Every structure is written in C-alpha cells, then in structure tokens.
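S.K.: On the provided structure of chain A, position chain B as indicated by the hints.
Line by line, the protein sequences are chains A and B. Under our numbering, the first residue of the first sequence carries the number 1, and numbering increases by one thereafter. Under our numbering, the first residue of the second sequence carries the number 124, and numbering increases by one thereafter.
Just so you know, the hints here were simulated from the structure itself, not pulled from any lab data. What you are looking at is a predicted structure, and each value in this text was computed from that prediction instead of being measured. Where is the CB? At the ideal position from N, CA and C, for every residue including glycine. Treat each hint with caution, since some may be false.
[As the list claims (entries may be wrong)] Calculated cross-link-like contacts (lysine-lysine; reagent style DSSO-like; alpha-carbon spacing at most 30 Å):
1) 144/B / 3/A
2) 296/B / 116/A
3) 173/B / 144/B
[What the hints assert, rightly or not] Which residues of chain B face chain A? A partial, calculated answer using Cβ under 10 Å:
4) 157
5) 179
6) 220
7) 229
8) 260
9) 267
10) 272
11) 281
12) 285
13) 302
If you want the building blocks of each chain, they are given just below.
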Amino acid sequence: MKKNLQFLGQLAVLIAIYLVGNQIVRLTGLPVPGNVVGVVLLYALLNLGLIRLEQVQDAADFLLRHLVFFFIPVAVDLMNWGGLFYRYGLMLALAIAVSTVLTYVGTGWIAQWLQKGETSCPN
Amino acid sequence: MPQLMVLFTILLTVGAYWLTKTLYLRYRHPLLNIVVLGAGLVIATLLALKIPYEAYLPGRQIMTSLLGPATVGLAVPLYRHRSLLRRHAPAIVAGVGLGSLASMLVAGLIALAAGLPKEVVLSLLPKSVTIPFAVEIARIHGGSPGLASAFVVATGTLGSVFGGTLLTWAGIKDPVARGLAMGTGAHGQGTAMAFMEGERQGSMAGLAMTLAGITTAALAPLMVRLLLPG
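Next up, chain A with everything else stripped away, as it sits in the complex (with noise of 0.2 Å):
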C-alpha cells in the first residue's frame, strides 16, 4: 500500500513536470516541444538537487519500460496514410536510408575521432 502510494506520488511528480514544461513553451511561445523542455527540466532539478533521485526513479523506469506501448496507439494513426506509401515509397525509403547511413558514419567517425585523446581505461 505504503509502495503504491509512493509510486503515484513519483508519478504526480512526473506529470507536473511535464504540465509545467508544456507551460513553458505556451508562456514563452518557445518553438520547441514541452516534454523536450520537461526533460531537461528534470535534469536540472536532479543536478540541483532539489528533486531527488528516489522521488522520481520507480515511476520513471516503469514508465520508460514500456515506452513503446504508448507508440502503437500514435502509429495507428498511419490509417489514414496509406495510399502516401504508395505514390512517394521509394523516394521516401531514399531520404530515410541515405540520411541515415550518414547520421551513423557522421556521428561514429567524429566521435572516435574526438575519443583518440581518450587513452583507454578499463570499463
């Protein structure tokens, strides 16, 4: 009971966080989404200190478990895409491979690039 209560209260937490990003962005008209802004609001909270880790951790990893169960219901949406897939697939599957071959060429060779200095440590 005491265990339930202390998760809704991470999760309440985690929800204010949230409105108090989303917050954020209508106030400032920042074009940046508010759970963007949310998360690193949580950072800075954690690092200040002024959340602490135990009040925030259960809720989260649970919530970030099962992440992907909250993408099935935003993918349905794809319902009404269909006939897109169709017309523009093969340009499509161009953009998404080429830019993505680079992103991982791009990102992988500058960082081992930039880790050189970094004599190796164990683990």
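M.R.: Using the frame of chain A, we list chain B on its own:
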C-alpha cells in the same frame, strides 16, 4: 455504447502490445518490431471490423495521456550516467550534434528534391529521434504525428538491422563512438542493438538518444526555415 468502444480499443491495443512484446522478447530479432507489428495488428482488426479511425481516437487519447510524463522520465537515465556524460563530453556533443544535423539536412534535401509534399517533408525531419520527441517536433512545425512515427520506425529498423555492420565497415571500433552513432542514428531501436554489443555501447546509445531528441528539437526551427522558407 461509445464507452464500450473505448474499452474495446484499449483492450485491443494492450493485447497487441502484450502479444508483440512476447514475440520480440522470445526471438529478439530487430525485424520483429513491436510498434510496426502492434499497430499493424490494431489497424488490421479495426479494418476487419469496419471500425473507423475516428472511433479509435477517444481510446488513443486515454492511452497516450501518460506518454508526456513518461518521456520526462528520460532525464533519470541521463542523470544516472552523468559521470559518463562529463567524461566523454567532447565526443558526445560533437557526435550527437553532427549526427542530428546531418540526419535532418540530408533527409530534408532528398525529400525536397523528390518533390514530396510539405507536410511529409516536415514529418520526415525528426526521423532519427525517439517517437515522443519526433511526434511533437513534427506537430509544432506542421507535420503529421502518425507519419513522423512511421519514419522514425523505418529509420530505427534500418539502423538496428544494418547499423552495426555499417559502423564496422566504416572502421568505427571505439565502443563509445559506436554507442553514440546507434543512439543518434536510430534512437531506441539502435539503443537496443547497442546493448546487445555491450553495456558501455548501450549506455552511450541511451544518452545519445535523449540528447539527439533535445538537439533535434532545438535545431528544427532553423532547419525548417532553411529548407522551407516562407
């Protein structure tokens, strides 16, 4: 009666999630994608029973109400790995920054050259970041959340199937660099593959996934102005 429909669509979605997740956990193959198979199962059922998309919306709203708070929780693994973050800061900042920029720019340019409609181009830009960020980034700039999620999954599937081989072929052996590339290029799906290579690759990929989301969200307004002026 509408309440029954809401209940049905939620049970259907939970059932599809349970089934596809069980399947994925059993075989762990990157092509057994939970989002693709799960949404496919739901769509097929709705079509077979002649239930229109609009009838799915009330249930969708209830189910996704916790997506925002769940996404905020991504700050928790970020904070847990803050020492890793500080130690590899140059590689992380440059790698995630360059990757996020390249992903949007290249995909956007090809889509524009191919003459794709504006709404499609805008949905394509955040294709390398995790769904909750991609959906919101697309929505703010006038794209479609559903399309954005499809492009994200296509990117993730491609990255998780070929990404490791590609990196090896390109001579990228450093585990930190490999993890960063997988998380920046293919979000959660890339991260799952990175964890199969090793703990270090996986943690770096997880960090890169969240940071690429933040970076892409910050760069998207500039990118939209650059690619689609007016």
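S.K.: With reference to the structure, classify each hint as holding or not holding.
M.R.: Hint check:
{"no.": "1", "hint": "144/B / 3/A", "in the structure": "27 Å, holds"}
{"no.": "2", "hint": "296/B / 116/A", "in the structure": "11 Å, holds"}
{"no.": "3", "hint": "173/B / 144/B", "in the structure": "26 Å, holds"}
{"no.": "4", "hint": "157", "in the structure": "5 Å, holds"}
{"no.": "5", "hint": "179", "in the structure": "6 Å, holds"}
{"no.": "6", "hint": "220", "in the structure": "9 Å, holds"}
{"no.": "7", "hint": "229", "in the structure": "4 Å, holds"}
{"no.": "8", "hint": "260", "in the structure": "6 Å, holds"}
{"no.": "9", "hint": "267", "in the structure": "7 Å, holds"}
{"no.": "10", "hint": "272", "in the structure": "5 Å, holds"}
{"no.": "11", "hint": "281", "in the structure": "5 Å, holds"}
{"no.": "12", "hint": "285", "in the structure": "8 Å, holds"}
{"no.": "13", "hint": "302", "in the structure": "9 Å, holds"}
When each numbered hint is compared with the structure, no violation occurs for any of them.
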